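Asks: Residues per chain, in single letters:
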Amino acid sequence: MNIIRPIAATIIGLFLGLLVTFFAGENPLNVFLIFATSGFGSTYDFGMTLTYSMPLILTGLSVSMAFKSGLFNIGAEGQLTMGALAAATAGALFTSVPAFIAPIFAGICAALAGGIWGGIAGYLKAKRGAHEVITTIMLNFIAAGIASYVTVYLLKDPNTQNPQTIPISPNYKLETFAFFDSAPVSSALFLSVIVAILVWIFLYRTPLGYEIRAVGSNESAASTACISISKTQILNMFIAGSLAGLVGVGEVLSRAECFKLDFSPGYGFTGIAVAFLARGNPIAIIFSGFLFGALQKGASDLEIFTHNVTSDLSLVLQALIILAVSADGLWEKILSGKKVKL
Amino acid sequence: MSPSCVSKKAGLLLFPLLSMSAITPMTLYASEPPKVCMVLDKGGKDDRSFNESAVLGFNRAIKEFPVNKTSKFVEPKNDAQISQFFRSFATSAKCDLIIAIGYNPSEYLPDLASKYPNKKFLAVDTNLEGKNTTKNIRSITFAEHDGSFLVGAIAAMKSTTGKIGFVGGMDIPLIHRFETGYSAGAKYINPKIKISTAYVGITPDAWNNPAKAKELAHAQYNEGTDVIYQVAANSGQGVFDSAEQMNKKSKTKHYAIGVDSNQNWINPKVILTSMVKRVDNAVYLAIKDFSNETFNTDHTTFNLKDGGVDWAYDEHNKKFFTDAQLTEINGIKEKIINGKIIVPDYYKLDKK
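Chains as they are written, first to last, in this note's numbering: chain A, 1 to 342; chain B, 1001 to 1352.
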């Protein structure tokens, strides 16, 4: 039942979305074919789909991690910005780090920077009672401001007019696989999957993970059982933030090789949808992240091969899928076969 | 799956009623006329300025020359899309000439061009002379500083308060080049003139933020500035709005100067002139040369002499200028062309 629902929701969402293109004057089958070819047509296309999926899996995990202790992390975008900025800064400044440690070092920097950014929101929630939705949104803006400042005034690449930092040292670069024909897929691909599995083990097989889930399901019961609510929340937001921060590894070390201002097409926000579709299950997030990555990549060719549909269709599809998966009343009715009051 | 098999399948699956797909005609012709594809910059095709100019040139050329009717331009919404558009244009969309409008998309061209040496490329606003390893990129820049000098002089002539302003879009060297020329031109007429400058932002979104540009213009007009030169693509509309509003409130006349396209018609009451930068001609000529098979892959700079940059004088802004002023403006233009006036170039200042 748990698997049927997101799959059915995806199919319903896709169907409705393609129906929209029919009313826009396109042939839905044609649109679907463009989607499929653009997402999986060649090894390059498939590589780009994976490139989009990696950050989405990580931000999905970040959102879902915070949700386990009852917190809503809208700040993955800011956390990944800080993570990517930290990775790029490390790569640009500490050029003498030897090649086999350098990417790991940059990864730790990225996770720490994202973690601190998430941790601030956790601290404000736990100690000051500031709602995390408000603080994480505001921290997104602060992160964007800091990133702009560092990029334009401190580490500006003088060889380009684009706002980007000086390139990372070659030691930090992750080799991209030749198989994917110049699509920037590197070993960072495995990072997302391994992290997803680690998150599952952490949440369901360790005492700390249990405490986080306990706080999420019943705060007062957890408190009675001597679990420190504030400690758990801060720690939880720190972990959530560091997961989002890891996006910096793939984006900086194998894709851009520098920090580009505004590099993220909203990964942090799409991550919320990814987590929702997977209902917060870390393993399922691998698949929902991949689906959303494919939607994002598939849509990019719509502009080129159709007259009336633009790449924004991917947003329509994402919205419809989320609507379909979250229509609780409808699903109870269908799955139980009973009449439910809507 | 090879890219071509999509088009075939897509063609088969098309409903007869809905055969509007862009791909179907490709399967109908055995040998096709060349296909031209263009990637615009942030700001969008309706910015009435830089990008619109490119689109005009594109459409004009498509009509006049035997070019594939599936030729197409796209507007990237974020940076990640730019490289994908180029890649699809070079592969599955089978474009023969690929055009990048603006410095941002242009930076993706050298890699792409060396990967697809049989295709031709045009980069507008960036000098790619040094990176043209496979000799298939034509790059075009404009002498923005010369044109800006001219409109700077005009601004100083028309200013009664002795204060003029500049609102730039994104804070990058290219726009500083406009600014340096503009202030040099103004000081040529009135050495004591005060020039206030402001930039909308530091990311490409700055090209698309008329509200912020309007605020900046308001602030400058309230300080006593009476002419503002905007170089901000779509954001520049905000400067025009601001000038119109200020005129309703106060007795002093407030003017604005447009950029890239001839923007005089947009608001003839306040737009003094426009510093036109003929992006349309750059695109048009490239497509023309390509269809005539005379496409060379050098770097060219368009300047005042060849009309690549100029000030716009038409029925909308005739009323602002006396004959004496016209003679003076054209005199300055002559002097720049003859090299009697050397306009400071920010690109060269920067390197000293």
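One should not assume that every hint holds.
Partial pick of chain B residues on the chain A-facing surface, computed with a CB cut under 7 Å [what the hints assert, rightly or not]:
| no. | residue |
| --- | --- |
| 1 | 1080 |
| 2 | 1088 |
| 3 | 1104 |
| 4 | 1202 |
| 5 | 1208 |
Distance condition first, Cα-Cα at most 16 Å in a straight line; then the derived EDC-like pairs of lysine to aspartate or glutamate [claimed, not checked]:
| no. | chain 1 | residue 1 | chain 2 | residue 2 |
| --- | --- | --- | --- | --- |
| 6 | A | 156 | B | 1306 |
| 7 | B | 1077 | A | 175 |
| 8 | B | 1115 | A | 181 |
Please keep in mind that the hints were generated in silico from the structure rather than gathered at the bench.
These figures come from a predicted structure and were not determined experimentally.
Beta carbons are placed, not taken as given, at the ideal position from N, Cα and C, and that holds for glycine.
Asks: Against this structure, judge whether each hint is valid.
Replies: We went through each hint and held it up to the structure:
Contact between residue 1080 of chain B and chain A, as hinted, is supported at the beta carbon level, the nearest pair being about 5 Å apart and thus within 7 Å. Interface restraint check for residue 1088 of chain B: the shortest CB-CB distance to chain A comes to about 5 Å, inside 7 Å, so the restraint holds. Hint status for residue 1104 of chain B: holds, given a least beta-carbon distance of 6 Å to chain A, under 7 Å. Residue-level restraint check for residue 1202 of chain B holds (minimum Cβ-Cβ distance to chain A is 5 Å; threshold 7 Å).
Interface restraint check: residue 1208 of chain B against chain A, minimum CB-CB distance 12 Å, threshold 7 Å, status violated. Among the hinted pairs, residue 156 of chain A with residue 1306 of chain B is inconsistent with the structure: their alpha-carbon atoms are about 35 Å apart, more than 16 Å. With a CA separation close to 28 Å, the supplied pair residue 1077 of chain B and residue 175 of chain A exceeds the 16 Å bound. In summary, the hint linking residue 1115 of chain B to residue 181 of chain A is supported, as the alpha carbons are separated by about 11 Å, within the 16 Å threshold.
The earlier numbered hints that this structure contradicts are 5, 6 and 7.
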